[in-house]
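Visitor: Given next are the chains, with one letter for each unit.
2 protein chains.
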Amino acid sequence: MQETALRNKQWIYRKRPVGRVSHEHYELAENSLAPDIADNEVLVQSRYISVDPYMRIQQAERNSWEEPHPLDIVQRAGVIAQVVESRSSKVAPGDWVLTYSGWQLFAKCHQSEIQKIDPNAAPVTTALGVLGMPGRTAWFGLMEVGQPKPGETVVVSGAGGAVGSLVAQFAKRAGCRVFGIAGGPDKCKYLRDSLHLDGSIDYRAFSTTAALSEEILKQTAGVDVYFDNVGGRITDAVIPQIKLRARIVICGSISQYDGALDAPELGPRFLHHLLFQRARVQGILARDYTHRMDEMLAIVAPWVKRGEIVFPETIVDGFEQLPDALNSLFEGKNLGKLLVRV
Amino acid sequence: MQETALRNKQWIYRKRPVGRVSHEHYELAENSLAPDIADNEVLVQSRYISVDPYMRIQQAERNSWEEPHPLDIVQRAGVIAQVVESRSSKVAPGDWVLTYSGWQLFAKCHQSEIQKIDPNAAPVTTALGVLGMPGRTAWFGLMEVGQPKPGETVVVSGAGGAVGSLVAQFAKRAGCRVFGIAGGPDKCKYLRDSLHLDGSIDYRAFSTTAALSEEILKQTAGVDVYFDNVGGRITDAVIPQIKLRARIVICGSISQYDGALDAPELGPRFLHHLLFQRARVQGILARDYTHRMDEMLAIVAPWVKRGEIVFPETIVDGFEQLPDALNSLFEGKNLGKLLVRV
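From first to last, the protein sequence lines stand for chains H and W. So the first sequence is numbered by the working numbering: it starts at 612 and just counts up by one. So the second sequence is numbered by the working numbering: it starts at 612 and just counts up by one.
Treat the hints loosely; a few may be bogus.
Quick list of simulated restraints, FRET-style, between CB atoms [unchecked claim]:
1. Asp905(H) to Ser723(W): 53 to 59 Å
2. Lys626(W) to Lys854(H): 45 to 51 Å
3. Thr901(H) to Gly630(W): 27 to 33 Å
4. Lys829(W) to Gln830(H): 32 to 38 Å
5. Gly918(H) to Lys829(W): 56 to 62 Å
6. Arg898(W) to Ile684(H): 52 to 58 Å
7. Asp905(H) to Arg856(W): 21 to 27 Å
8. Arg784(W) to Leu828(H): 42 to 48 Å
9. Lys800(H) to Arg625(W): 22 to 28 Å
Rather than coming from a laboratory, the hints here were simulated on the basis of the structure. If you're wondering where the values come from, they're calculated on a predicted model, not measured in any experiment. Just so you know, even glycine gets a beta-carbon here, dropped at the ideal spot from N, CA and C.
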């Protein structure tokens with residue numbers, strides 16, 4: 612048992628953002644943590660801390676799927692950590708675990724709050740990516756709600772992101788023609804060369820929604836499944852190009868997270884497109900499929916083990932970078948899953 | 612066999628409307644029709660001619676579910692007619708039939724284009740209403756896509772209309788709490804007193820979308836199924852009040868038919884509500900269920916026969932009134948199914 616107090620660091624969520632979230636909404640606290648733990652508890656040290664777009668949703672003033680993230684507590688987040696001390700039979704010191712202990716260096720967790728990770732099965736970071744929440748979201752969102760059929764055309768927005776890059780690959784494996792929408796030529800090249808998509812569309816290259824929409828039609832000849840991570844103008848451009856009985860999966864609306872959840876911005880009405888095409892739009896959340904994680908892992912983990920799935924990661928070094936890393940998600944700077952290594 | 616030529620009248624669709632459709636987009640043609648018919652043909656005389664909101668969709672410049680209605684032909688429409696002459700074994704003179712012969716007094720139809728109506732089973736006009744296309748739309752749209760469960764809360768927009776008034780009653784029979792949105796105190800009184808809904812909301816009584824939305828929440832305490840016939844600001848007010856796993860059926864968007872199909876108007880973005888509530892929006896068309904008409908009739912026709920379903924009708928007299936009658940749909944003047952008697 613470690614006797615001396617640990618120097619802990621925590622990012623405390625202090626102030627609700629109105630627009631973009633940044634370090635001004637957080638306070639970096641340093642404090643000491645007594646290392647004593649109770650029966651069935653473990654002391655863990657964070658190694659990789661997650662920043663995810665959903666965090667900004669929870670900071671919006673209005674309720675989303677739950678109460679807004681409370682002020683004056685540690686920012687909640689998924690964490691890949693190593694066990695420092697254990698009074699649980701589940702894990703021993705040195706073991707890797709997935710926890711939800713948030714933006715802090717050390718945490719005490721009840722054994723029910725940790726999941727052991729096997730570092731030999733796959734890189735530990737995959738527990739926050741392809742074999743974790745983003746993977747689950749991509750898999751069930753596409754398969755259960757998108758219901759892709761071989762030969763159909765799938766369009767993914769935010770295709771360079773943690774979820775989008777997986778959706779695109781899962782759709783390819785389902786026998787679909789897959790087109791990714793992303794920001795900038797580098798991401799688009801990645802979609803074609805590394806993910807082997809049938810086409811990519813750099814939305815930044817189009818100054819109007821109409822021009823973007825025309826390009827989408829030109830490349831795809833119509834959309835059967837649209838997996839939407841971004842909302843806003845990109846989605847405005849895709850919807851008029853849906854085909855009969857199209858399925859639109861609303862997984863995220865990242866373009867709207869810097870304030871438009873509290874005061875929605877205006878966009879063109881589109882319900883008539885759903886009417887004409889008898890199309891379906893459905894929202895999904897990762898948590899709806901948590902209890903079915905094993906189903907996804909049974910299929911996707913072997914693909915990962917055999918190196919058949921690409922899971923891009925952007926890793927930022929330094930605990931102090933967390934708020935800026937979160938902010939950078941909304942500038943689309945990350946390729947794949949964004950993690951902060953501490 | 613009638614020997615002398617018949618004096619026919621036809622409303623010819625001449626000019627594509629930009630905003631509201633009215634008589635200026637039609638020409639009243641009078642011509643003579645030789646009464647001779649071929650084998651398997653019938654000559655019919657129109658008795659009730661339908662005006663439906665979908666007609667305006669087909670007049671929009673852009674394609675909807677099919678090519679726009681051609682110019683310079685008789686306005687297409689459902690018609691309840693009587694057989695004048697028959698060279699078909701299916702019907703005899705005097706028989707009532709449902710046809711799709713459009714806005715004209717007389718028409719020659721192939722026997723494959725008519726369906727015989729039994730005037731003793733139900734009033735003949737029900738073939739254009741509760742036992743026809745509007746009934747089918749209401750039944751399958753609500754049951755198959757809305758999937759109401761007993762105890763759930765259903766909101767219907769355009770609840771005083773041909774489809775909405777039926778949806779509301781079908782939802783009551785499914786054990787739901789049902790609230791109708793309609794324009795004006797008379798329609799709202801009708802919804803409560805004659806359709807026995809749990810509540811009605813006169814959208815005209817609210818000057819802002821926010822106030823209307825608040826009233827919807829106050830009356831309903833949240834919406835499980837929203838059956839939408841109108842779109843626009845009323846739908847803007849309903850969507851923020853949906854509950855977890857809500858189903859939204861897009862049956863029509865009548866508020867958008869006077870031009871906004873060609874150049875969509877702006878409204879508040881709402882996809883985040885679908886995300887948060889994991890809700891579904893789906894468009895439906897009557898034609899998707901044409902082949903399942905018998906399923907609906909097997910259930911609904913006995914209700915009609917026993918007088919258990921109210922099917923309001925607004926009947927306008929005079930062939931000359933057809934364009935104005937169509938126009939009046941968009942002013943919400945009709946209660947229930949609007950028909951022109953000729």
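Visitor: I'd like to know which numbered hints this structure contradicts. Please list them from smallest to largest.
Guide: Those not satisfied are hints 2, 3, 4 and 9.
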